[in-house]
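What follows is each chain in one-letter form.
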Amino acid sequence: MSEQNNNPMDQNEFMKRMKAIASDLWGGVMPVATDTAAAPAQQPKPAPKAPEKPGTDIRNLWKTADETIDWTDALSHSAPTDGLTGPKLWAFYHKHAEKVLSGDLAAYTEVLQKANPLGELTDFAEHISMRAVTEAQLESVFVCKGELLEKNRKLYLSAMGLRIARDLLACLPVEEVVVKGTFEEKDIFTATYPRQQLLHRNFMFVDPVELSQECGAVFA
Amino acid sequence: MSENTEILIPKWHRELELFGGIKPLLILEGNVLDQYRYPLQGSVAQDEIIPLSRYLHTFFADNGYDQVIFYSNLVGFMSPYDPSMLTRFAANTSTTIKDGAIQAEFKGNGADTAPNVIRRAMFQRKAATVTVMEMASHYITTPERMDQQDVNSFNILMQSALSASWVRTTQGKKQNLLILLVNKLNDLPAWFYLNNPVCKILRLEAPDREERKRMMTGNNFAAFFSGTVYRRDLPYYTEHPDELERIKERFVGLTEGMTFTELDEMRLLCKKEEIPIRDLCTVVDLYKYGIKENPWSRLNMQSLKTAKQDFEKRIKGQDTALERTLDVVKRAVTGMNGVNSSSTGKPKGVLFFAGPTGTGKTETAKALAEKLFGDESTCIRFDMSEYGQSHSDQKLMGAPPGYVGYEAGGQLTNAVKKNPFCILLFDEIEKAHSTILDKFLQILEDGRMTDGQGNTVYFSETIIIFTSNLGIYVKDAFGNREPNVTMDMPYSEVQTKVRSAIEDYFKLELGRPEILNRIGENIVVFDYIRREAAELILKGQVNKIISRLREQKNIRIRIEDFAYSSLQEAATFDLSNGGRGIGNQVESLLINPLSRWLFDNEISGDAEIVIEGFNTTANPPSVICRREEAGKNE
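Protein chains in written order, with the working numbering: chain H, 57 to 276; chain Z, 16 to 649.
One chain only, chain H, in its complex shape (with noise of 0.2 Å):
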């Protein structure tokens, strides 16, 4: 007897099943479309739910960062080996990748300019600024927003701070961004994060007080 036979699976559902498998297998390189003849029947839409996201709020706003520019694999690959960056945006890195690499500041001015890795929180400060200071150190500098510095004054310049750092080490290669936070033309902020720091930090879980305190964050 074959095994098809003792199994109440018939063969349709069998090759149903299949099908997603081969769709999760090939889903990278080409569409497998499921079966529309055998999708559910649409069930009622419910009320459209706002996505939480995080980064969004001050009170989350380090837990995420941008995704980090592979730079030595740009400089081995004219194409994306990730097969989520876009061609385009890949060129671009594949262009600038050697001489990032070998830490020339003008190339990581332009990166800067193209990528534009703190364009995100342009809500949370007045003004954002960055440079590269020199082949290893970036720096930025964001004028506080008077409202938001007042609800949590060291939450928010922490938050800022870190954000700004995990964006921008993972923008270029460099050890340590330095952020400076300052209000009404006056310093009230600095601190100093070194990439090897902020490596194998679970972000969802740490205080960004304490974190930005242990680079040796300074509030005035």
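For the record, the hints were derived by calculation from the structure and aren't laboratory data.
Some hints here could point you the wrong way.
Derived SDA-like pairs (lysine to any residue); straight-line CA-CA distance at most 25 Å [to be verified]:
no.: 1; chain 1: H; residue 1: Lys170; chain 2: Z; residue 2: Lys432
no.: 2; chain 1: H; residue 1: Lys155; chain 2: Z; residue 2: Asn234
no.: 3; chain 1: Z; residue 1: Lys287; chain 2: H; residue 2: Glu154
no.: 4; chain 1: H; residue 1: Lys151; chain 2: Z; residue 2: Asn234
no.: 5; chain 1: H; residue 1: Lys144; chain 2: Z; residue 2: Tyr70
no.: 6; chain 1: H; residue 1: Lys151; chain 2: Z; residue 2: Leu55
no.: 7; chain 1: Z; residue 1: Lys141; chain 2: Z; residue 2: Ser180
no.: 8; chain 1: Z; residue 1: Lys228; chain 2: Z; residue 2: Thr297
no.: 9; chain 1: Z; residue 1: Lys433; chain 2: Z; residue 2: Glu460
no.: 10; chain 1: H; residue 1: Lys144; chain 2: Z; residue 2: Gln61
no.: 11; chain 1: Z; residue 1: Lys433; chain 2: Z; residue 2: Asp453
no.: 12; chain 1: H; residue 1: Lys155; chain 2: Z; residue 2: Thr253
no.: 13; chain 1: Z; residue 1: Lys287; chain 2: H; residue 2: Asp263
no.: 14; chain 1: Z; residue 1: Lys287; chain 2: H; residue 2: Thr120
no.: 15; chain 1: H; residue 1: Lys144; chain 2: Z; residue 2: Lys381
no.: 16; chain 1: H; residue 1: Lys151; chain 2: Z; residue 2: Gln163
no.: 17; chain 1: H; residue 1: Lys119; chain 2: H; residue 2: Leu254
no.: 18; chain 1: Z; residue 1: Lys323; chain 2: Z; residue 2: Asn309
no.: 19; chain 1: Z; residue 1: Lys381; chain 2: Z; residue 2: Pro310
no.: 20; chain 1: H; residue 1: Lys155; chain 2: Z; residue 2: Gln61
no.: 21; chain 1: H; residue 1: Lys155; chain 2: Z; residue 2: Lys141
no.: 22; chain 1: Z; residue 1: Lys323; chain 2: Z; residue 2: Asp390
no.: 23; chain 1: Z; residue 1: Lys287; chain 2: H; residue 2: Phe239
no.: 24; chain 1: Z; residue 1: Lys287; chain 2: H; residue 2: Phe275
no.: 25; chain 1: Z; residue 1: Lys199; chain 2: Z; residue 2: Pro212
no.: 26; chain 1: H; residue 1: Lys170; chain 2: H; residue 2: Pro250
no.: 27; chain 1: H; residue 1: Lys144; chain 2: Z; residue 2: Asp62
no.: 28; chain 1: Z; residue 1: Lys287; chain 2: H; residue 2: Phe148
no.: 29; chain 1: H; residue 1: Lys155; chain 2: Z; residue 2: Pro291
no.: 30; chain 1: Z; residue 1: Lys287; chain 2: H; residue 2: Glu241
no.: 31; chain 1: H; residue 1: Lys151; chain 2: Z; residue 2: Gln56
no.: 32; chain 1: Z; residue 1: Lys432; chain 2: Z; residue 2: Pro498
no.: 33; chain 1: H; residue 1: Lys155; chain 2: Z; residue 2: Tyr252
no.: 34; chain 1: Z; residue 1: Lys287; chain 2: H; residue 2: Leu254
no.: 35; chain 1: H; residue 1: Lys155; chain 2: Z; residue 2: Glu260
no.: 36; chain 1: H; residue 1: Lys151; chain 2: Z; residue 2: Gln61
Every value quoted in this text rests on a predicted model; they were computed, and no experiment measured them.
With chain H's structure known, arrange chain Z on it following the hints.
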């Protein structure tokens, strides 16, 4: 920096070029799940590491084939790298595309089963077509038990290949081609490929030394490191190219036998852990064992300098043997092991301890484990008399899938997986079955072994010690066992005779000189326990008993000189059983009679006893003791 810029093309790629236009049926066997370095500049960049399917697509598309189609029994026919090829293929084979693929079962009686579609593709002359059948090992359950439909399916494939058509292309005439990717050739029915004149079998191997070296050249090397590490470290190595070359060479040696996928995973690990260029080789340990700091690199040179003195406290009268053993360890510690070999994945050292029984062979192995890894239990002992049957190798390496005990794995492979930094002691190796010796050959040569569950176990951080009594007795012309060496021979003669007998055993009796070659000059012959050493052993054992009684029971024992002389005389009279024989005598002449005397005199602790004499000829032997008043001698 010397970079090898020559085009390095693997053998199977050359064969693909040679036979791709000649043989219409190619079977690619072996490492088919791995990724490969594309050796030429083409539709993909030269030296790019890509999956085998993309490799084949690129190769054939770049060589003028109009269609490169992949078949999987889960999906059907597809062309993941150029969907337009699938559209043409569907038109040429009168099939339809549904959900991005031409769905077709491998077996069945319909006109649109995969073999029938392939037959049409092979016969047509409109477009030069390569059909690659992926995972072909899994189309049937087993070649031994195929039903008629399975047989028919393979028959159609064979006939398709036998009458494959030629097609005119812009790059000349091309013959339609069928390729099967299989893990093992015997996953297919033998009649399909044996004596099949149109079939060519290509073997895909793990990357060789040159291939691995290639991965470390040019910009490929950069991809091993995080951007920060590379930017920071590169200026130094640009000024010191020789150092960089040494690091690369060492890495290439350490990665012997690894697949491209494994190398690529190691590359990602190196990047993730921000490993600096100078520590590149540590990623191999990290990948294999999950540790960064190798216990071998923690070994203190100073402690090894005093190792011989430390060993002599435990093993008496074996100066030369200890010296030879420590030479091997020093070679491992200084990293000189394997410098005369292409593979650095071999075990750290191999020793073959031979000599009469009870001379300290096992004890030396234990002492070595304690010295090297700080714990005697890192010496893992296997009594090879338990592995005398032909199937015993499964006990060591694990039973193959489907067999009872498969889940348990092998005793040896499990032990090394649990602790890769250890001494493996195979006691009485001559008692093991010869199939096990074959396994040892692989371990000694490659330093790795795949267990029954398919996990690779690495022996590169172990010291392997075999012990044997070979050469102590030989058989005479009548097959009687007679001593080959005797106690009255000097050590040099014992050494020469034992070595020669071991060589004869492997070369003549066993017919396996290759095993002897792997052991090389590392046969260490232990000397007989001679009188002087025997007296030291006896003294050590007696002192141990006295101090233990003092510590545990506060019973203080003193043996009078005359009494000790008679004990020594009796205990060292017959040294044919070596140190173990002395231990037996101590038990019989001292421990048993003394405990009897203590029991009879109801002494359970806090006493001072003087042994005045031993009656060694009595049956059972006895001691003559007296109890001293407490504090008399204090």
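**Request:** Assess, step by step, whether the Cα of lysine 144 of chain H is no farther than 25 Å from the Cα of aspartate 62 of chain Z, and give holds or violated.
**Result:** holds (22 Å)
**Prompt:** Are the Cα positions of lysine 433 of chain Z and glutamate 460 of chain Z separated by 25 Å at most?
**Reply:** holds (22 Å)
**Proposed proximity, threonine 253 of chain Z with lysine 155 of chain H (alpha carbon, max 25 Å)** = This hinted pair holds, its Cα atoms lying about 15 Å apart.
**Asked** Does the alpha-carbon distance linking lysine 323 of chain Z and aspartate 390 of chain Z stay inside the 25 Å limit?
**Response** holds (17 Å)
**Asked** Given the hinted pair lysine 144 of chain H and glutamine 61 of chain Z, is their alpha-carbon gap at most 25 Å?
**Response** The hint holds at about 20 Å.
**Message:** Hinted pair, alpha-carbon criterion (25 Å max): lysine 151 of chain H, asparagine 234 of chain Z. Please report holds or violated.
**Reply:** With Cα atoms ~13 Å apart, lysine 151 of chain H and asparagine 234 of chain Z stay inside 25 Å; holds.
**Request:** Could you grab the alpha-carbon distance between lysine 381 of chain Z and proline 310 of chain Z and see if it respects the 25 Å cut-off?
**Result:** Distance of about 17 Å is within 25 Å: holds.
**Prompt:** Is the hinted pair lysine 151 of chain H and glutamine 56 of chain Z satisfied, with a Cα-Cα distance of at most 25 Å?
**Reply:** Distance ~19 Å between lysine 151 of chain H and glutamine 56 of chain Z Cα, so the pair holds.
**Request:** Compare the distance between the alpha carbons of lysine 170 of chain H and lysine 432 of chain Z with 25 Å, and conclude whether the hinted pair is satisfied.
**Result:** With a Cα-Cα distance of about 49 Å, the restraint between lysine 170 of chain H and lysine 432 of chain Z is violated, given a limit of 25 Å.
**Prompt:** When you check the alpha-carbon spacing of lysine 287 of chain Z and glutamate 241 of chain H, does it fall within 25 Å?
**Reply:** Distance of about 40 Å is beyond 25 Å: violated.
**Asked** Straight-line Cα separation of lysine 323 of chain Z and asparagine 309 of chain Z no greater than 25 Å?
**Response** With a Cα-Cα distance of about 24 Å, the restraint between lysine 323 of chain Z and asparagine 309 of chain Z holds, given a limit of 25 Å.
**Message:** Holds or violated: lysine 155 of chain H and glutamine 61 of chain Z, Cα atoms, limit 25 Å.
**Reply:** holds (22 Å)
When each numbered hint is compared with the structure, violations occur for hints 1, 15, 16, 21, 23, 24, 30, 32.
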